[in-house]
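Visitor: So the sequences go chain by chain: S and Z. Taking the working numbering, the leading residue of the first sequence gets 1, the next gets one more, and so forth. Taking the working numbering, the leading residue of the second sequence gets 1, the next gets one more, and so forth.
Think of the hints as simulated: they come from the structure by calculation, not from any bench. Possibly wrong hints are sitting among the right ones.
[What the hints assert, rightly or not] Covered by chain Z, per the in silico footprint, the following chain S stretches (three or more residues, Cβ under 8 Å):
1) 101-113
2) 119-127
[Said to hold, decoys possible] Residues of chain Z clear of chain S, computed beta-carbon distances all greater than 12 Å:
3) S34
4) G41
5) N49
6) A56
7) G57
8) E60
9) T61
10) I62
11) G94
12) A111
13) R115
14) E116
From the three backbone atoms N, C-alpha and C, an ideal C-beta is built for every residue, glycine too.
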Amino acid sequence: MNKSPDSFELDLEREHLLQSGSHPPQDRALAADWHLRNQLRELRDEAGLPPRLRRRVLNARSRRVPAAWLSAVAAALLVAVALPVLRNAPEPTPADAIGAAEMAELGLALSTIHDAGRRAAHLTGRGVSRGLVVPRLGLAELPYADWLQRTFQPVPRTSVLRASGTHPDPDSNPQEKQP
Amino acid sequence: MKDIRFALAIMLFTFVLASPASSQEADIGRFDLSPIADAIGQTPKVNLNFGPAMMAGFAETIAPSSPELGDVIRSVAGLRLMVFEDIGDVDFSGRIAETAADLERAGWTAAVEVRENDAHVDIYLNESQQFVQGLVLMVTERGSEAVFANIFGDLDPVVIGKMIGSGEALKNLDLGALSQQFGAISGDDS
Chain S
1 MNKSPDSFEL
11 DLEREHLLQS
21 GSHPPQDRAL
31 AADWHLRNQL
41 RELRDEAGLP
51 PRLRRRVLNA
61 RSRRVPAAWL
71 SAVAAALLVA
81 VALPVLRNAP
91 EPTPADAIGA
101 AEMAELGLAL
111 STIHDAGRRA
121 AHLTGRGVSR
131 GLVVPRLGLA
141 ELPYADWLQR
151 TFQPVPRTSV
161 LRASGTHPDP
171 DSNPQEKQP
Chain Z
1 MKDIRFALAI
11 MLFTFVLASP
21 ASSQEADIGR
31 FDLSPIADAI
41 GQTPKVNLNF
51 GPAMMAGFAE
61 TIAPSSPELG
71 DVIRSVAGLR
81 LMVFEDIGDV
91 DFSGRIAETA
101 ADLERAGWTA
111 AVEVRENDAH
121 VDIYLNESQQ
131 FVQGLVLMVT
141 ERGSEAVFAN
151 IFGDLDPVVI
161 GKMIGSGEAL
171 KNLDLGALSQ
181 QFGAISGDDS
C-alpha cells in the first residue's frame, strides 16, 4: 500500500511532535502514545544506577585479573606440591658421594682440628697458669714444712701434666721450682 | 609493577613457609671465614668445605666400623677448615678482631680468648639449650701458621668441652677406623 507524499510528511510531523514535544498532542490516540513513551522513558531512567555506583560497577567489570596474581597462585601450588616430593626423593648413597679422596680430606680435617684444639688448650693452659698467683701460705717456719707444703700447697696443673708426660711444656714456671 | 612485586613477595613467603625449619636451624652455627682469608692474602694450604650431604655420607660410611665416631660425624652438619702456613709477618689481627666483633654481635659466646706474644687463640660458640650449634676456632701464630675452622650442626657439648678443656675432643674415638675406611675405599678404587 503506497502512501501519498502528503500523508508521509504528515506522519513524519506527528512522529516528530511525539518525540520532541513537551505537551501531549491534541489527538487522543497520539496523546496516549505520547504518555506511554514518557512513562517508558521515566522507567528507564529510574532503573539506571547512581552515576558513582555505575562507574564502580563498570570499572570492576572492565578490570582484568592481574597475571601476576595467577603466577603467584601457580607458583605457590607448584612449591606446595613439588617440595614434599623433592624432599622425599631418595638421597644419593654414601658410596656414590664418598670416595677415597673425600675420606682422606675428612681425616686431614679431623686431625688438623684435633691438633689445633690441643694447641689452643695448651696456649690457654699456659696463659692461665701464668695469670694465676699461687698464694704463699707461710709454711716454711712450721715443723714438717716440706710435708705440709707438699700436702697443702696447690700445684700448678701444668707441672702435673708435664710430670705425667702427657702434655710437654717447654716453658718453665718459676713457681714450680720452689723446694 | 606493584602487583608483580606483591606476587613475588607472596611466592617468597610461601617458599619460606614450605621450607623445612630444620635446615634453617642447622645453618645457625655456620660462619663465613672467607674475609679472614682475604685479609691474609694467601691461598690456604688446606681449604676444606664439607656440607650436610657430605657429612651425612661420611657418617654413614664410618658408622659400621666405628659407631662412636660415626655418631660424632653425624652430629656435624658442616665443616669449614682453612690452614695457612708460612704466613710471615702479615698482621691480620685487625681482621681477627673484626671477626670476633661480628661473632659477638651475632650472639656468639667467646669461650676462649688468649693473647700471648704472637700467639692468639679464639674459640667462639653458638649454643642452644641442648647442643653447641656452631664453633669457630681461630689459632694463629705470627710467622708460623694460622688455623681457622667452623664446625656447625647439633654438636655434642661433651666433645666440645673436651676440645676446649684439653684439646682431646677425639681422644677416645677410634680415628684408626677412619684410616681403615680410607684404606678400604682406596682398595676398592684400585
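Visitor: Beyond 12 Å from chain S, beta-carbon-wise, is A111/Z?
Guide: violated, 10 Å
Visitor: Take a quick look at S34/Z and tell me if its Cβ sits farther than 12 Å from every Cβ on chain S, holds or violated.
Guide: holds, 17 Å
Visitor: Should the label of I62/Z as a non-interface residue stand, given a Cβ cut-off of 12 Å to chain S?
Guide: Given that some Cβ of chain S is not farther than 12 Å from that of I62/Z, nearest at about 8 Å, it is violated.
Visitor: Would E116/Z pass as off the interface with chain S, using Cβ distances and a cut of 12 Å?
Guide: violated, 5 Å
Visitor: Does E60/Z sit more than 12 Å from chain S, CB to CB?
Guide: violated, 4 Å
Visitor: Please confirm whether G57/Z is truly not at the interface, meaning its C-beta sits more than 12 Å away from all C-beta atoms of chain S.
Guide: violated, 4 Å
Visitor: Over 12 Å to the closest beta carbon of chain S is the bar; see if T61/Z clears it.
Guide: T61/Z not clear of chain S: closest Cβ-Cβ about 5 Å, inside 12 Å.
Visitor: Would you assess whether G41/Z, listed as outside the interface, keeps its beta-carbon beyond 12 Å of every beta-carbon in chain S?
Guide: holds, 21 Å
Visitor: N49/Z: least C-beta distance to chain S exceeds 12 Å?
Guide: violated, 10 Å
Visitor: Non-interface claim for A56/Z: all C-beta distances to chain S beyond 12 Å?
Guide: Not fine: 8 Å to the nearest Cβ puts A56/Z too close to chain S.
Visitor: Taking 12 Å as the cut and beta carbons as the points, is G94/Z off the interface with chain S?
Guide: holds, 21 Å
Visitor: Three residues or more, CB to CB closer than 8 Å: is that satisfied between the region 101-113 of chain S and chain Z?
Guide: holds (count 12)
The structure fails hints 5, 6, 7, 8, 9, 10, 12, 13 and 14 (numbered hints given earlier, in ascending order).
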